[in-house]
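Model the full structure from these sequences, guided by the hints.
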Amino acid sequence: MAEPLAHAATHDDDHDHKPHGWRRWVYATNHKDIGTMYLIFACTMFFIGGGAAMLIRLELFQPGLQFFDPQFFNSLTTMHALIMIFGAIMPAWTGLANWMIPMQVGAPDMALPRLNNFSFWILPFAFTLLISSFFVPGGAPAGGWTMYPPLILQTGASFPMLIFAIHLMGASSILGAINVVVTIMNMRAPGMTLLRMPLFVWTWLITAYLLIAVMPVLAGAVTMLLTDHFFGTTFFTAAGGGDPVMFQHIFWFFGHPEVYILILPAFGIVSEIIPTFSRKPLFGYEAMVYAVASIAFLSFIVWAHHMFTVGMPLAAQLFFMLSTMLIAVPTGVKVFNWTATMWKGSLSFEPPMLFALAFLFLFTIGGFSGLMLAMVPADYQYQDTYFVVAHFHYVLVPGAIFGIMAGVYYWLPKWTGNMYDLKLATWHFWLSTIFVNVLFFPQHFLGLAGMPRRIPDYAVQFTDWNMVSSIGGFGFGLSQLLFPYIIWKCVRGGERIGNKAWEGAHGLEWELTSPPPYHSWTTAPSDAVIARGAAH
Amino acid sequence: MREETLSAPSAARTQAERRRSVRRTAIVFALIAAGFYFGFIVMMLVRGSK
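Chains as they are written, first to last, in the working numbering: chain A, 1 to 536; chain B, 537 to 586.
Have a look at the derived ranges for each label pair, beta carbon to beta carbon:
#1 SER346(A) - GLN551(B): 41 to 47 angstroms
#2 PHE68(A) - ARG556(B): 54 to 60 angstroms
#3 PRO484(A) - ALA552(B): 42 to 48 angstroms
#4 GLN71(A) - VAL578(B): 34 to 40 angstroms
#5 GLY311(A) - GLN551(B): 57 to 63 angstroms
#6 GLN551(B) - SER294(A): 33 to 39 angstroms
#7 ALA552(B) - SER294(A): 37 to 43 angstroms
#8 ALA157(A) - ARG583(B): 25 to 31 angstroms
#9 PRO137(A) - ALA552(B): 55 to 61 angstroms
#10 THR550(B) - PHE135(A): 52 to 58 angstroms
#11 ARG556(B) - LEU431(A): 48 to 54 angstroms
#12 LEU431(A) - GLY571(B): 43 to 49 angstroms
#13 ALA552(B) - ALA238(A): 57 to 63 angstroms
Below are the SDA-like pairs computed for lysine to any residue, each with C-alpha atoms no more than 25 angstroms apart in a straight line:
#14 LYS280(A) - ASN337(A)
#15 LYS18(A) - GLN551(B)
#16 LYS500(A) - ALA531(A)
#17 LYS280(A) - GLY332(A)
#18 LYS18(A) - ARG554(B)
#19 LYS344(A) - GLY284(A)
#20 LYS18(A) - ALA552(B)
#21 LYS423(A) - CYS43(A)
#22 LYS280(A) - ALA531(A)
#23 LYS500(A) - PHE483(A)
#24 LYS18(A) - VAL558(B)
#25 LYS500(A) - GLY345(A)
#26 LYS18(A) - ARG555(B)
#27 LYS500(A) - ASN418(A)
#28 LYS18(A) - THR29(A)
Since the hints were derived computationally from the structure, they do not count as laboratory data. Each residue gets a CB set at the ideal place from its N, CA and C atoms; glycine is no exception.
Take a look at the structure:
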């Protein structure tokens with residue numbers, strides 16, 4: 001670390017004026033404190049959403065209705081999705097962005113710290129509102145996370161709670177995204193050019209633009225649902241001249257970019273980890289940046305592949321099929337570059353690398369099943385079956401969730417100054433990887449055999465693979481308990497590390513002390529330090 | 537790497553300039569986001585109710 005910085009860091013620690021006790025968290029404006037709160041919140045939601053998933057798998061262990069009535073089962077699937085997408089994965093990314101972006105671009109903090117506080121504190125209210133809908137007459141929303149009318153309009157007292165909660169989540173995401181864009185555009189250290197930025201910062205910048213562009217679309221769609229329900233409009237009611245299919249178009253115009261909002265930061269993290277543990281620079285840095293930007297652009301013109309079966313002109317089917325398949329090109333560039341980075345590298349397999357490699361293999365499986373779903377004639381068979389469930393869970397669990405875990409295992413020593421229990425984390429990896437495949441791979445078979453999604457009961461011929469899938473679900477769920485335990489143990493102590501936790505790591509964050517000072521870069525890093533960090 | 541074609545914050549940039557720049561970018565993006573947010577809602581309500 002540069003000498004003036006070392007002085008500034010010490011100075012700052014002594015006179016940081018940081019509040020203590022509950023005020024430190026409620027009034028938090030420090031990017032690390034807010035990042036920590038986001039990550040704790042996301043972890044809590046991960047276990048609540050995961051609890052719902054385990055109840056779903058419990059019901060599906062055998063055919064017939066075992067524990068829940070169908071309405072409650074549908075509430076479980078709906079709430080599981082909403083909690084995992086908006087409560088676990090998105091806040092986890094924002095938490096990682098808060099922690100890492102200022103440290104990686106050479107800034108003391110996020111550009112808008114008070115806004116940062118506000119965008120976090122919206123979330124606990126939004127999710128308290130959403131989860132408490134289980135206890136109102138009619139129960140929690142049960143129309144699926146896609147909220148298709150007319151079914152969703154039959155929701156009971158929880159309907160306005162759902163709409164308001166979604167508005168709150170959307171507002172929180174947009175505010176967080178604005179903060180990320182403003183920070184990256186204005187707070188970079190002198191010399192930190194755009195093409196010197198780490199891939200995690202790049203992917204988050206593009207994700208932030210996606211968020212700003214599509215969250216308002218969701219807000220518009222759910223507001224129309226609200227007025228249909230309470231104010232007598234008939235946007236989506238055929239009897240009044242409305243069109244339920246229009247909702248699907250509007251929803252998926254938001255929904256498909258949303259998928260990339262969930263996965264792009266994982267691309268960034270994997271692009272940090274693989275070079276570190278291959279002890280080689282990232283292969284094709286610029287190509288990676290352009291590939292991410294291309295994927296983000298294409299995500300806006302493929303939405304109707306989610307709704308081929310509603311009936312649309314042949315030309316539209318062809319357009320959406322081909323544009324969807326086009327996404328395989330930049331994605332292929334990324335997979336090729338990650339593989340090429342490892343080629344002839346000096347590889348080692350610490351937990352972050354293990355999770356990154358599992359991401360590489362398993363996310364690619366999710367990508368391939370996505371290509372199968374992109375084909376219109378095939379999609380007519382797969383639509384609304386467990387094949388779709390298997391596809392998007394391969395993308396989101398060993399994709400997004402493993403990406404988050406890889407990131408946490410990569411940077412946790414930096415955050416705490418302690419190395420975590422590597423053996424236990426390796427156990428966590430193997431248990432997660434084995435059980436995630438036991439859980440989701442059989443769902444491909446179930447879908448291809450014709451088992452529909454979102455049902456609490458099924459025909460007896462689907463029993464065996466459902467049992468296997470449920471066993472995988474219980475195993476995966478229970479093995480996740482290791483994750484908070486490993487983090488808690490690491491926070492409490494462990495082998496002390498220096499500035500660099502990993503021998504092959506590059507980047508400005510590794511130039512700071514571990515744990516880093518309260519304000520990250522009070523003096524901008526020198527050009528030499530930046531050049532050393534940008535080893536691509 | 538084509539760094540010369542991309543903007544980097546100037547080393548000579550003062551704290552006040554940076555603060556102004558942060559404020560300006562924040563306002564621009566806030567206006568864009570608010571325009572999208574309320575614009576979409578109003579557009580959908582107006583067009584949908586015709």
